[in-house]
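Protein chains: 2
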Amino acid sequence: MIKEVHGGVTAPKGFRASGIHCGVKKEKKDLSLIVSDVPASGAAVLTTNKVQAAPVLVAKEQLRRSTTFRGIVVNSGNANACTGERGMNDAWAMAKAAAAALGADPHEVFVSSTGVIGQYLPIGKIIAGIPVAAGALSVDGGAAAAEAMMTTDTFRKECAVRFDCNGVPATIGGMAKGSGMIAPNMATMLAFVTTDAAVAPHLLQRALLRATERSFNRISVDGDTSTNDMVVVLANGMSGAPPVTDDAGVSYQTFEAALEYVLVALSKMIVTDGEGATKFVEINVTGAATEEVAVRAARAIANSNLVKTAIHGEDANWGRILAAVGYSGIDFDPSLVEIGFGNVPILRKNYTIEFSEEEAKRVLAQKEICITVDLHQGESQASFWTCDLSKAYVDINANYRT
Amino acid sequence: MIKEVHGGVTAPKGFRASGIHCGVKKEKKDLSLIVSDVPASGAAVLTTNKVQAAPVLVAKEQLRRSTTFRGIVVNSGNANACTGERGMNDAWAMAKAAAAALGADPHEVFVSSTGVIGQYLPIGKIIAGIPVAAGALSVDGGAAAAEAMMTTDTFRKECAVRFDCNGVPATIGGMAKGSGMIAPNMATMLAFVTTDAAVAPHLLQRALLRATERSFNRISVDGDTSTNDMVVVLANGMSGAPPVTDDAGVSYQTFEAALEYVLVALSKMIVTDGEGATKFVEINVTGAATEEVAVRAARAIANSNLVKTAIHGEDANWGRILAAVGYSGIDFDPSLVEIGFGNVPILRKNYTIEFSEEEAKRVLAQKEICITVDLHQGESQASFWTCDLSKAYVDINANYRT
Chain A
1 MIKEVHGGVT APKGFRASGI HCGVKKEKKD LSLIVSDVPA SGAAVLTTNK
51 VQAAPVLVAK EQLRRSTTFR GIVVNSGNAN ACTGERGMND AWAMAKAAAA
101 ALGADPHEVF VSSTGVIGQY LPIGKIIAGI PVAAGALSVD GGAAAAEAMM
151 TTDTFRKECA VRFDCNGVPA TIGGMAKGSG MIAPNMATML AFVTTDAAVA
201 PHLLQRALLR ATERSFNRIS VDGDTSTNDM VVVLANGMSG APPVTDDAGV
251 SYQTFEAALE YVLVALSKMI VTDGEGATKF VEINVTGAAT EEVAVRAARA
301 IANSNLVKTA IHGEDANWGR ILAAVGYSGI DFDPSLVEIG FGNVPILRKN
351 YTIEFSEEEA KRVLAQKEIC ITVDLHQGES QASFWTCDLS KAYVDINANY
401 RT
Chain B
1 MIKEVHGGVT APKGFRASGI HCGVKKEKKD LSLIVSDVPA SGAAVLTTNK
51 VQAAPVLVAK EQLRRSTTFR GIVVNSGNAN ACTGERGMND AWAMAKAAAA
101 ALGADPHEVF VSSTGVIGQY LPIGKIIAGI PVAAGALSVD GGAAAAEAMM
151 TTDTFRKECA VRFDCNGVPA TIGGMAKGSG MIAPNMATML AFVTTDAAVA
201 PHLLQRALLR ATERSFNRIS VDGDTSTNDM VVVLANGMSG APPVTDDAGV
251 SYQTFEAALE YVLVALSKMI VTDGEGATKF VEINVTGAAT EEVAVRAARA
301 IANSNLVKTA IHGEDANWGR ILAAVGYSGI DFDPSLVEIG FGNVPILRKN
351 YTIEFSEEEA KRVLAQKEIC ITVDLHQGES QASFWTCDLS KAYVDINANY
401 RT
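Here the protein sequences come in this chain order: A and B. The numbering used here numbers the first residue of the first sequence as 1 and each following residue consecutively. The numbering used here numbers the first residue of the second sequence as 1 and each following residue consecutively.
If you're looking for bench data, these hints aren't it; they were derived computationally from the structure. The structure displayed is predicted, hence computed values, not measured ones. Any given hint could turn out to be false.
Identical copies carry no separate label here, and so any pair may be met within one copy or between two of them.
Below 30 Å or equal to it, Euclidean Cα-Cα: the simulated DSS-like pairs (lysine-lysine) are [said to hold, decoys possible]:
no., residue 1, residue 2
1, 60, 125
2, 28, 391
3, 391, 26
4, 28, 367
5, 349, 25
6, 349, 50
7, 60, 25
8, 25, 50
9, 391, 268
10, 391, 367
11, 60, 349
12, 125, 96
13, 361, 391
14, 96, 50
15, 26, 96
16, 26, 268
17, 25, 361
18, 349, 96
19, 26, 361
20, 28, 361
21, 361, 50
22, 391, 25
23, 349, 125
Next comes chain A alone, as it looks inside the complex (with noise of 0.2 Å):
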């Protein structure tokens, strides 16, 4: 049983968290910080982008360097990318200060910066605010922490879920933000989350990549994979419950579901808030010969600004759709392809077409839409999430910087 419960981070016993202005953009919060009171076991996945932020590179040290962990520092406004040697020596100068402030070693405490990329951090006052927010931490502060990391985000992003862990009671909470530079196969974007079950480092890991795949590398905004995408996991065991140690037991695959729950949620809410959008769309691929298949169909529709344009439009292009799962790559008969826009059939077998503009302008006039295609070749599935592609996305996107 997986029981959706209010709050984010600090849902679970255990972990307190802040979220203060310290002076990186002009009026917002913009510095976070998570704690564990006690050691905790932790996992993270990072950005495959070759090009890695300072924080990514000083994220893959500390988990060769130790194997417990005691919180999350975050700036946003500024990602603390591409700014070589004085980025790093400021991405270790936020872990010192977050380590001295919480009595923990450096390699302890996650470092994450979100904003605009190429541009040095004004550490002076990230450093002066680390203490500030360390004051501010509370058993209530998983708003705040959510709220402080958002860039061009329109609201924050959490999600707990309450599970049976070994017959105890256990908490996931998990908070998110990002809403451009959101890309397919390794969309991870910032997310940090926490447990009060003991799980072991390795099972956290195996967990966190699994759901990850499958929520994460699974939506998609724009395209564009960041610099500093990283997702973390941190668990305290301060439910009380009996230690996940075996990745066979139940208490493991339902770990690993509720993760994956909080993962999804939190995956969508990201998308639901993609930059200039105006849809949450759902992809289902179905019929597919594997899952591997069908996520490939599904992130070239998702990923098609024509795609996109036509459901921002409320016009029902489904050649744009079919067009798109043929330059995929995969291997399929197009002849056999139905396509879907929520429970209206749009196109049949052997391209019959036979709908109602009217009934399908009614579907795409939702705020939420399910694309679904069946491949007719097998029984593997996928669901993938997206957004449309509006002008407000043009917008937003470009003046960033200003």
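Since chain A is already given, all that's left is putting chain B on it; use the hints.
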């Protein structure tokens, strides 16, 4: 010596063309015919999309069956794609009607369609229009033919060159259409090229493949690969120049260079006329280990919505360029990369950033922008052409069918 001359497909000797209105579109011209007075050798490059429009499938069959060709019939306003068996019958009906009007075999007349996907051709109107188009054929008809295959294009695209072919002047002329569904790696769209040089079919095919690789395959408007992409070249030998028979000879080299010249010119016109485009962007990646690496990096930049919107906003957001190279899949050292806009260096090695925003702004305010990216890893380079992403692109594509 390759010299640009006036005109398009009727610039070479022995070719006539016409463009008329037959009723697929409401008012504009929608039917083009190009004819060689004598049987010509032919070659074609067709879309790699798995979903192939009927005319593409017909062309494949024609290339298998016939060694000589007489002409090309093209309609705009409807792509005859995803139309199943009826679409195939319609495409063959077009070939037969054109062949009858020209006294040729149906296998000798290529068919091409462009416009909306997934609707049946108004084949009666086209069949009725073909004799009219045949009656209008003229040695000055290239411009009308180029005009009649336009869809969202805002200007017709023609280019012709004269070159020395074994001591005798010969001519290559071409026309193209396209401004949306222009995608990397197989972005051909429709382009029809004629020459009065005599070129053996296998050499014609080889030259066309290479020239396409360096022209139409190096442009991108929106990253969507069409179901109808088609480039055809006809060589009728009417210049009287001795045949090009040896691919090691000077005449083949010159022919190939002249063909590449025409295709590159047409490619640049397509990008300049990209849907909603306000700027033409040339991306030069240099210092690459191989040409393939350079193309791959350039394509990722050209395809990035974030780069394209930044250019639209005249924002010197070099970080997005570097991030795109980072996810392009190539192997490189980000700290060695140098980026420039026009002649203004923006990023130097080791992430050194020393540029005046005003100077960058001045370059970006121009209509034609050149972005240079030096990977500092080798001696290879490649050019790629694209346009910016504007709100007008969204407008054009949100309601394309209506």
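Status of each hint after checking the structure:
1. 60 - 125: within (25 Å within a copy, 65 Å between copies)
2. 28 - 391: both (25 Å within a copy, 29 Å between copies)
3. 391 - 26: both (26 Å within a copy, 28 Å between copies)
4. 28 - 367: Within one copy only: 29 Å inside a chain, 37 Å across chains, cut-off 30 Å.
5. 349 - 25: For residue 349 and residue 25, only the inter-copy Cα distance (28 Å) is at most 30 Å; the intra-copy one is 54 Å.
6. 349 - 50: between (42 Å within a copy, 16 Å between copies)
7. 60 - 25: For residue 60 and residue 25, only the intra-copy Cα distance (27 Å) is at most 30 Å; the inter-copy one is 59 Å.
8. 25 - 50: within (28 Å within a copy, 48 Å between copies)
9. 391 - 268: both (21 Å within a copy, 25 Å between copies)
10. 391 - 367: Close inside one copy (17 Å) and across copies (21 Å); limit 30 Å.
11. 60 - 349: between (49 Å within a copy, 24 Å between copies)
12. 125 - 96: Close inside one copy (15 Å), not across copies (76 Å); limit 30 Å.
13. 361 - 391: Answer is both: 20 Å inside a copy and 23 Å across each meet the 30 Å cutoff.
14. 96 - 50: Classified as within; 26 Å inside a copy, 54 Å across copies.
15. 26 - 96: Only inside one copy: residue 26 and residue 96 sit 25 Å apart there, 70 Å across copies, limit 30 Å.
16. 26 - 268: This pair counts as within: shortest intra-copy Cα distance 29 Å, inter-copy 43 Å.
17. 25 - 361: between (42 Å within a copy, 24 Å between copies)
18. 349 - 96: between (61 Å within a copy, 28 Å between copies)
19. 26 - 361: Answer is between; shortest inter-copy Cα gap is 24 Å, intra-copy 43 Å.
20. 28 - 361: Between copies, since 28 Å is at most 30 Å while 40 Å is not.
21. 361 - 50: between (42 Å within a copy, 28 Å between copies)
22. 391 - 25: For residue 391 and residue 25, both the intra-copy (26 Å) and inter-copy (28 Å) Cα distances are at most 30 Å.
23. 349 - 125: between (61 Å within a copy, 28 Å between copies)
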